[in-house]
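S.K.: Residues per chain are reported as follows:
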Amino acid sequence: MTAGATALAWARARASGPLRVPAGTPAPDGMLRLPEPSGDGAWLVPQVPESAGTRVLAEMGLAGPLLEQPNDTARLLAAALRCCWEDPLAPIWPGVTVASAPVLGVFGEVTGPRDELAHRRSAVAGLRRLDQAGWLIWDETADTIRLGPRVALWNASDLTTLRQLWRSMPGPASVPGQTSVPGQAPVPEQAP
Amino acid sequence: MQQGLDDLAGEAAVLRVYRQAFAVLAREAEKMILSPQLLDVDEAILSAFAASGSEGLTEEQVRNTCRKFPEATVSRRFEVLKTYGAVSKVFERPNERYYRAAFAPYIMLLFLRRIAERGGQSELHQLLSMEHENVSAATATEADGRASVERLTQVFRLIANELSIMSLGADVAQLRENAQLLWGNEPLISRAEAVHATVLQRWPALDRECQWLRAGLAAYRDAIDAAAGRLIERAGTTRALGLLPAEEWRSFARTADTERLGAVLDTFVFDAPAPWFDPQVMTEAVESGGRPDTARMPPPRPAGDTDPADGPESGPVVDQDAIRRTVEDLLGTENSVEIEDVMRVAPDWEAARRVLAQLTAAHHDPELPYSLSWGEGLSVAESGSPAWVTPGRLVRQQDPS
Chain L
59 MTAGATALAW ARARASGPLR VPAGTPAPDG MLRLPEPSGD GAWLVPQVPE
109 SAGTRVLAEM GLAGPLLEQP NDTARLLAAA LRCCWEDPLA PIWPGVTVAS
159 APVLGVFGEV TGPRDELAHR RSAVAGLRRL DQAGWLIWDE TADTIRLGPR
209 VALWNASDLT TLRQLWRSMP GPASVPGQTS VPGQAPVPEQ AP
Chain C
-1 MQQGLDDLAG EAAVLRVYRQ AFAVLAREAE KMILSPQLLD VDEAILSAFA
49 ASGSEGLTEE QVRNTCRKFP EATVSRRFEV LKTYGAVSKV FERPNERYYR
99 AAFAPYIMLL FLRRIAERGG QSELHQLLSM EHENVSAATA TEADGRASVE
149 RLTQVFRLIA NELSIMSLGA DVAQLRENAQ LLWGNEPLIS RAEAVHATVL
199 QRWPALDREC QWLRAGLAAY RDAIDAAAGR LIERAGTTRA LGLLPAEEWR
249 SFARTADTER LGAVLDTFVF DAPAPWFDPQ VMTEAVESGG RPDTARMPPP
299 RPAGDTDPAD GPESGPVVDQ DAIRRTVEDL LGTENSVEIE DVMRVAPDWE
349 AARRVLAQLT AAHHDPELPY SLSWGEGLSV AESGSPAWVT PGRLVRQQDP
399 S
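Protein chains in written order, with the working numbering: chain L, 59 to 250; chain C, -1 to 399.
Excised from the complex, chain C in its bound form (with noise of 0.2 Å):
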């Protein structure tokens, strides 16, 4: 069975109260609940002494009644039970084979899961009602009042603390996590403020005591506000629809059936998914079809370059034809030529430079059957136009065919 993180999340409640509630007992690490499974392992244990009857079980029937969870595990916890004296021997004597449970452990379990399922504010409201009862009570001493005063002081000063660190340093997920077991309780304030007022006047000399009740549920507000002032600012940046994390939205949307997942959208209408086809482009998508992608970038280009009209297509061609046609000017019937003879005919550097320049274009161009290659040192003569030339010579590669 493939399990929600909600279920996850709601297992992890679960077992993070039962440790805390726990810690007070375990003295070994690893006697304490490490998997909500242990839990039930442990609620099916009790179960089976609650069937047993009167004269108890012993640790193979307890075994054999659990016999879906493992065995291994069964007997772990049946002897961390009996550690911690939630089963115990019928009669206290050796080779005694018949167990006995308390109920207190089991109490302990339906508290844990109702304080986890509610987040521990229903018990809380429990507690500042039966406080309030105690101080109204007819027969209620200062003393109670004084206690119970100090009691509720306590609760919210631990609250207010965890609260108030948890909105300062703790990242927002864990914040949100924790946030619904916390806060958010006007009432629960009031009450407290209940008992505070029964108090004071019933015993004023409980000033002080009252103060710090005070002054504990002053901080209790000031950490929800800060808590939610923080979670408001999040949401508002995530744009995450309330206060709600995603993981949340996402089993919402794979667990809700389609009537819940539509409501959602409710007032929204949507557009039919309407492209229209122009047979221009269906016919420009059909002749396009089977070639190769021809859209290619264009090298960069220096910015107020020649105008892109006359652009590159034209350009080799004319060039080709042209450098062609000055190369076989050179060469006439030679396959090959001297570059010094070529430069030294140029009436001018400048007439040089320009047939150095197709000579080297029609080197470079694959289509043109011409190659140009340079020889080591300089010929240099003072009076000749150009001063110094690289010997060189321009082949004309003959034709493979």
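Extracted from the complex, chain L is given alone in its bound form (with noise of 0.2 Å):
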């Protein structure tokens, strides 16, 4: 790959998030490339060195990008992680894709009782975030949820806090209320 088509994939990846590319492309310097697992494609994740990541603005004490409702959002990025990371011991990327009723099910689970409307709002305005930052691929018509490409860019140490966190939320079999067919929005409990 030439130092100008490297650029230009880094000019991509900064200004649009994650690439989607066509079965077969290289993947430039410093990016990392996941395969989809139809084998359609794949993406290509900007890795930058862990110094120079996002995680230094905190450690700084610098303001990165801004995120609304942030705990919300890691909530819920957390319910989507539990119910698409099968089998916390294998590699995370790419996952299972599910219907988004369990992983709203464990959202709600771990956000506790709240207003079905609210909590609908909540997750998908986190959902929608999370989308469009690449954490999640959320198709918003077959109202399935799997997880995004820069999930990967998780390193091991980050990958075992993450076990625990699995383990020790809920599970979405476990979720009441949530026995109905899967690909369902949930029911909610009481007409309003």
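Among these hints, one or two may not hold up.
To be verified - Computed footprint of chain L on chain C, listed as stretches where at least three residues anywhere in the stretch have a Cβ under 8 Å from a Cβ of chain L:
| hint | region |
| --- | --- |
| 1 | 263 to 272 |
| 2 | 275 to 282 |
Said to hold, decoys possible - Derived, one-sided and incomplete: chain L residues facing chain C with beta-carbon distance under 10 Å:
| hint | residue |
| --- | --- |
| 3 | 71 |
| 4 | 73 |
| 5 | 133 |
| 6 | 211 |
| 7 | 215 |
Said to hold, decoys possible - Here are a few chain L residues that sit away from chain C, every Cβ distance over 10 Å (derived from the structure):
| hint | residue |
| --- | --- |
| 8 | 113 |
| 9 | 173 |
| 10 | 202 |
| 11 | 222 |
Rather than coming from a laboratory, the hints here were simulated on the basis of the structure.
If you're wondering where the values come from, they're calculated on a predicted model, not measured in any experiment.
From the three backbone atoms N, C-alpha and C, an ideal C-beta is built for every residue, glycine too.
Fit the two chains together into the complex; they arrive one by one in their own frames, and the hints show the way.
M.R.: See below:
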């Protein structure tokens, strides 16, 4: 790959996040190539050294990219992780595709009792944010969720922490009220 | 159909010019044009006449042709046009039903629409060219030159006055709205100067009139500078891009297609939204989820208070135990005790004070089953310590269970 193409790929990734490329595209320098589970294309994720990543900002006490509702969004990502990462000993990418209902169920467990409408609203808002940033891939029409290419940027020690988190969280099967057919939105407990 | 602000502004401009021009003609207030739609009605009536042919139209026919407008409006406008002579009877006799239209009102309409579109500047340019032609013509006389220079002086004085009054007094929005109609024309001034030069060269006797024209032009130039200065100054404080009002930017944002809108930001690169999720932070978020918000503001404390490390968390518990112990010591097996007795037992005031503080604390602590009630009066003992005591009683509340 030429230097120009590499620079272009980096600029693209900077402006639009993880790149979806057709199958067979070589990965530019410093980028992580994540094959799609379907074999149809791959993702390119820029992987900067640890000393230059976003987490350095937190260490230095500098403001990172602004994230609205950081706690709910983090909880939603954790819920999606709990559902899409079937086996925490396996690699995190690509995970499995799940319906949104169990993710929302786990999210509801984690956030505690809330108004059904507020719960739904914060979940959708979080899904949009995470989908836009490449943490999750949310297929709005099919209403399915899977992990986004950015999750591959978590390093080994991060993954250890995440495994602990995974084990501490209620699974999609144990969440009450989730015995309904997967792929359907959760039925509100009581009609408003 | 939703109209943009630009459209409304355009209509308002037409209306303003129309009113100004017709103010000379209108004798009664309700016969002034009050809404831009009426211009369309007029135009429709006039075009109905244009299409009618040589025998003219009856009022009913006009109404029928203009049936897309409300009938009452059409007949009212018809009356107004009749009053002003824009529409008149084909033959001047009673019971004549056919009318014909004059061409002048339609010319006026066209002219007004053009002035409104171009702000009257192109008309001013044409006027200047015409005046220049007039004064350069071989047949022109001194009287023509004088009249020409006087007309131009009038025009520039009017513009300059309007602009300078506005630049002094009007608010910026109004200034902005009208500025385009009035200013910004070096060629306008240079053309007027060309007329001036020609006149002065051909008829040196018109020196005085030419001086007035020069003064008028200078006033116009000053007014332009003042208005521009004010607008630029305001643009600097509002950080408005260019001198366009915010509404225009808003309607641009609403009406422009994607390419044009995107072209504004062609030279900018935005980073993709890339928040980082630290697993530790996620764990904390998950653990704190489901609990009500526990972050509370600490109560204000005087500066230089005790080290916040041995904070209030450990304090109350220890205090509670100490208080309970003290009070139980005082009560013993009894359920109540007189405050006077307790006070008198204490060896000195310091000790009594300490006990009193503990009892008060016990009374106020909702978790401790003690209450303190005070009686009336004072019991004084000259030699005692303390020398006076208010009678009171400490009661252990019976456990309801």
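S.K.: Would you mind marking each hint as holding or not holding in the structure?
M.R.: Consistency of the hints with the structure:
{"no.": "1", "hint": "263 to 272", "verdict": "holds (count 6)"}
{"no.": "2", "hint": "275 to 282", "verdict": "holds (count 7)"}
{"no.": "3", "hint": "71", "verdict": "8 Å, holds"}
{"no.": "4", "hint": "73", "verdict": "6 Å, holds"}
{"no.": "5", "hint": "133", "verdict": "5 Å, holds"}
{"no.": "6", "hint": "211", "verdict": "8 Å, holds"}
{"no.": "7", "hint": "215", "verdict": "9 Å, holds"}
{"no.": "8", "hint": "113", "verdict": "6 Å, violated"}
{"no.": "9", "hint": "173", "verdict": "14 Å, holds"}
{"no.": "10", "hint": "202", "verdict": "21 Å, holds"}
{"no.": "11", "hint": "222", "verdict": "7 Å, violated"}
Of the numbered hints given earlier, the model fails hints 8, 11; all others are met.
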